[in-house]
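Chains B and V, in that order, are what the protein sequence lines are.
So that you can map any letter, position 348 of the first sequence is 348 in my numbering, and since no number is skipped, the others follow by simple counting.
Position in the second sequence (first residue = 1) + 581 = my numbering.
Everything labelled a hint here was simulated from the structure, so no lab data went into it.
For clarity, every value in this text was computed on a predicted model and none was experimentally measured.
By construction, the Cβ of each residue, glycine as well, lies at the ideal position given by its N, Cα and C atoms.
If you want the footprint, here are the derived chain V segments under chain B, 3+ residues with CB under 8 Å: (1) 665 to 674; (2) 679 to 693; (3) 814 to 824.
Facing chain V, from chain B, some residues (calculated, C-beta under 8 Å): (4) Ala-244; (5) Arg-354; (6) Leu-451; (7) Lys-463.
Listed here are the chains, written in short residue letters.
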Amino acid sequence: MSAPPTTLAPARPELVSDRFPARRPAWVTLATSGDHKALGVLFIATALAFLVLAVVELVLMRVQLIVPESTIISPEIFGQLLSTYGATAVVLFGIPFALGLISYVVPLQIGARGTAFPRLGAFGYWLYLAGGVTLYASFLYRPPDAGVNPLPPLSDTVFSSTNGVDTWIVGVGLAALGFVVFAINMLATLQTRRAPGMVWRRLPLFSWSAAVGGYVVLVAGAVMVAACAMLFIDRQFDGVFFDAGEGGSPILWQHLSWFFFTGAYVAILVTAFGAISEILATFSGKPSFSHRAVAGALVAVGALGMLAWMQNMYTAPIPIGWTYFAMAAALALTVPIGLLLFNWLATLWGGALRLRAPLLFALGAISTISFGLAGKLAYSVIPVGWQLDGTTAAQAGTYYALVGGAVLGGFAALYYWFPKITGRTMGEGIARASFWAILVGVHAMAIPMVLAGLDGQPVDIYKYYDEGALDTYNLIASVGSFVLALGVLLTLGNAAYSARRGVAIGADPWRGSTLEWFALSPPPPHNFDVIPDVRGTEPLRDIRDAVRHRTETWRPPPVERPPAAQPAESSEGARGGPPVA
Amino acid sequence: MARPRTKPATSFASRPGIAGFLGFALLALLVLPSAAHAAPFSPEPGHSPNADTTTTIYWIMFAVAAVVVVAVNVALIGAVVRFRARRGREPARVRAGRRVQPRVGALLGVVAVVIFVVGIVTTTQVRDVAPSGPEGLEASSARTAQLDLSLPEGDSEPLRILASGQQWVWRFEYPDGTFSFYELVVPVDTTVVLQLDSTDVVHRWWIPELGRKFDAVPGRTNQTWFRADEEGTYDGQSAAYSGAGYATMRARVRVVSVPEYQAWLDQQGKDLQDAQEAVQKRVQQLGGAEAGAAVAQGAAE
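Here chain V stands alone, though its shape is the one from the complex (with noise of 0.2 Å):
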């Protein structure tokens, strides 16, 4: 520290002020560079190739705001130290000269310029649509599409999910007609759409694991991907405030192998056929389409 040692070192441990900044300004040196690579400030990991750019983008992003925070209080601690008012200090009235200004701007203007261009760089790569790996469900040849316009047709059509939102659960619709709730199960390596609506209020589809936030607004269909580069179970939660019971939307993506996830295509059509006909066989039962309507109704409730 380039203090000028014009007091003796006793002072220095008398000021609370100036131990306090200094405390703290070495405990940001410490904490903000190493925890950069340690588990806290990492992202969940990414298992989908969207996921993996915004990890790397993020990081960047990192880099330069602790930059910032280091530089910027670490001067102030450096002036307060270097430059507190003590007996014969007179205050050096100096003004900015002429070019100062225009040079600090323009070097500022630089950084902002160039993470501009990463910043669309990184994001036309988060939102082009990679193709089905090998390992998936329909194995494509290399081809991107933009989100807002139509995909090309072709013969590797990506796996297309209607997941719908409502208060407070997620209902995900196959290409096939099943649908679930709250669990969507996709098989691995596959290219998977995901067409966002909502038949209520705003809600946010979010698997911190599988990449980009979305919002399901009702009268819009919105369009994500992902693909998912490994099996298991990922876990997330709507992020926009939707009511009393917000916090329990939570939704779960579980990845299987391509055969697992025919077979539990087939079983869950199956098992809601079997459910179908036996509303429909109490219906008879109790006869009627009035008893049909009450049926319905305490389903609806």
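One chain only, chain B, in its complex shape (with noise of 0.2 Å):
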């Protein structure tokens, strides 16, 4: 990239580098850096490893579906199988692969050269891969077999007395505190490290939402360390946090964890929502229908959703009035919804739609979150949770939304940033048979499961009776789940190759107005050359309108020459001939 115009403020040099860098393996450097890059690259290529691994675990648990009283997988497999299923698609996969592209574009959106504690950032990884690894190591013994959500007592030593109980907390837990210390450091970045000018009402929308996700996360995930620990000191040192016989609670843990899990939920979604927002407004060519009402919708989900986690917890013995408080959130949560589904239609309408692969996985995660949100919207009325929570109608509603959010969602952003990650784009015929096979398989799942929920299906179950219409219900959901793989692991493939042998493209192909499209593809260590001031929530629109304007404007400064000497010089040049030195 040639260097900036002369409208920005004067380069400001900035030492970078206090030593030649030493000569290593690229895996050592990578494994050793605290670059926000190399830890964004980390996180998402981690995340989506465990992606496969929980797309995996799906199809296993469908396959045993398919028929009813199947006998495939035996009841205790099926508990393992469910237990690590639920752990790895939302804390495995889901947070980081949010935090992944949050660490990867947060910077360089906001114009930074580097996170605000390095370090720290690089502990957060480790630590998630830690918890990741400890959970999954659990299948060399014993993996944990006490639901997706391990409520006491079923969770404590009494009904579980193998380690596997142990794994969970410790990998989520582990996982969980990952979270908090990543969050601190994006948030400290977002707080210290923007460009000049860069003030909160211009800062881009996905920044915006990783401010949300950040706090979201740095909220819900300590309640959740403190809950793995309280869990881990009941199970092995005779604590009763959680024992109803000794004056415990296990409505307590009910609380903790479903407010971690509801605020995973937020933190994922909200992270969606940023990254639906820009994709939305660089590929209608037009800015963002309103850049206030969008950050300030992503505010109020992230705070509103975070009170409603007592939505889970309707068939709780809790009194009366605390589910009241749960609908009211929960229902509040229509207004900034609402707004950012106008804002999105809005921001459409009027632009000049490219298609390509990033909007349309933006558009199938707008689709389906629709199906999902409207669902929760039906379940968040008491009468109907009580009908219907706990049962796949529910179940489906939440798949809709987190694949709307996390696969879709994240998946539009992976295709959005891949170029500026790795310098090359994704194949674009790959992706629109990915992207088909995903919208076609989360409706051939969800659908037949909403209405085996209706005909009393409960969640989580290894088998069902041959009642009714369950069995062609659960054999569409399987082959719809099977499809819906298909299509995830077509863009996890699409994403190994291209990282090769993609086409090589430029720094900025999508012609995005936002920071990170500044910088070269893939980044320089640090960042930018020259740190351009910030006027306006388009800065690099204002760049190339300014580089514009003096191109074409310009006009070659008079030369002063001898006037004696003209004549002849003249007749040479109009020869077109090169100036002999």
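Both chains come to you apart, so use the hints to assemble them.
As structure tokens, this is what we get:
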């Protein structure tokens, strides 16, 4: 990229390296780096690897449910798959995938040369990886088997005497601690490392979602670390936090864990919302319909979403007033989420939509999330929740929202920023195949699940009995999950292939308007040679306008020459020959 | 479709993306409203007053959700069809005016408040314990009671049954001390208050036709109620993961007439007593407390 134009503030020289870098193998550099881009790549790659595991576990469970009273997988193994799957999909894939994108993109977007606490960021990643490895190391002896959310007393030593639940606790606890540490790093970066002029109201929308998601993860993750520590004390050191017989309360775990899982849900969705907002603006060629309203809605979704954790506890023995509070928080979410949908559609309206892979996935994400959140709206009304919570109907809503947010929304962000990360684009044809497979798969899986849930099929069962149309519903849902898995694997293969063999492309392939496209692809370790002054919500567009203005109004400066020599010189020049030095 | 016809019709079919989106929209438009009145999307038919209320609010919320889904998806597809980039189209760089967002927000807020009020009203209806009907075990005067509070004293106590969850079966204890496993037998048209507790882990009581779910948590006794309006059997299944055998933790409610219920209760009591006497006789035959402990242990296992 050529030097930035001079309408910007003069270049501020900055010392970015104080010694000649030692020559080390690439993997050592990557593994010891505190650079936000290296950590972003590590987070994204690890999260996608865990996504493959989650998909495998989902497919295995759906294979078991193809026919009634199936005996392919034993109840014990099914319980282990189920317990590992829940932690993998949300804790080891959903949150870290969002954090990885945030880690890579946000410092670039705000014009920073790095994060505030690079080593803290690295510590966060390695804690998360340690958590994931701990959880999967349990497959060497005994995996966890106390369910997606291991509720005490089932998860206490009386009913789960093997160490499986301990690996769940330690794995999820370590990962949650890693997220908290990483969120501290990102929030401090957002607070202190913004480029000159990058005030909060000009902060790009994805960075807004990173700020909101960061605070949500900070609070919810800390609660989960505490909850895991308490359950570990109960199991290993005769604690009684969750033991009803000794004055503790099993309900306490439900509050703490649901607070975390709700926070995870909110953080994943908010990050997806931020990425979708950026992608829609870029690919419609328009500014976001209202930058301020979208940023405000993202903050409101984070704040209100966190308050709605008891929406998962309608059937628990808690005072009815608390469920009214949860219903109020959940219904209040209608306003910011409705505003987001309105602003997205208004951003598309009147634009010139380039239907490339990122936009396609973003549109699919909005569509799929609309199914999930409309379902959540219905289930948030208490009597409907009493009837359908804990059935596959409610689970279908969660699948819609999380596949829409983490998979379609996350993949949209991956397709969008992949050229920045690697300097290459991902294949468009495979992207389309993957998109349609995911979209068809998620509907084919979720709609029969709704129907089965209405007929009384609860979640998490390893077998069902041949009653009514349950066999048909589960067969279709299983086939749908296979198609969904195929779609997910297509995009992952696309990314793996394109990382080395994709079409090489410039620094700004999509004509973005935010500062990450100002850096090279992939960016150098210090991100920017020159940090631009920010004067609006579309800083790169301002730079482009300034460049165009300069180019169009540029005139060659008057040449000062001795008048006597002019005739001979000009006749030489008119022939077009290069001047001889 | 208000799509400007600037291109020949053939180019339309050559765009699989748009065709796919349109097909999807048509599918959603056809399936959702027509299915709303067909069997698949309807919950299990209610056979208890609280289940009937639940069905009503379910249909209201189903309609709201369907409107949201259809509106969002049709608008998305409309935007893609109308505003797809083509030669000569310049994006209109418009931004929101000052008044748009507050208005949209206020509209959404009103919708949320209305749903909240309807939600509170129906929740109260579901929780109010209805009195037993005329054909019930104890006909009573009209009165209601909140479950969190103690039921008011009167001549019309509902039938209280203790339902106790354990891995992986429900145990029902009737007022006279008789008990049964798996199958709960109740008289028709009688208000039954179930007192739920658990001897081990968290279980979740649910009979789809007879109203709400409720958790059975060790250390707490929770109450739910139903009043079956028709004789028959209603099946349900625990809906909270409780370990390896969770999928087999089913329950059946058999609703019978009042005389049948009385007869069943007597027979069950007699059967239980006979069984206990048989056990005692066996213990005496084997002789001593040691054998008794062995038998008891065998029964426990």
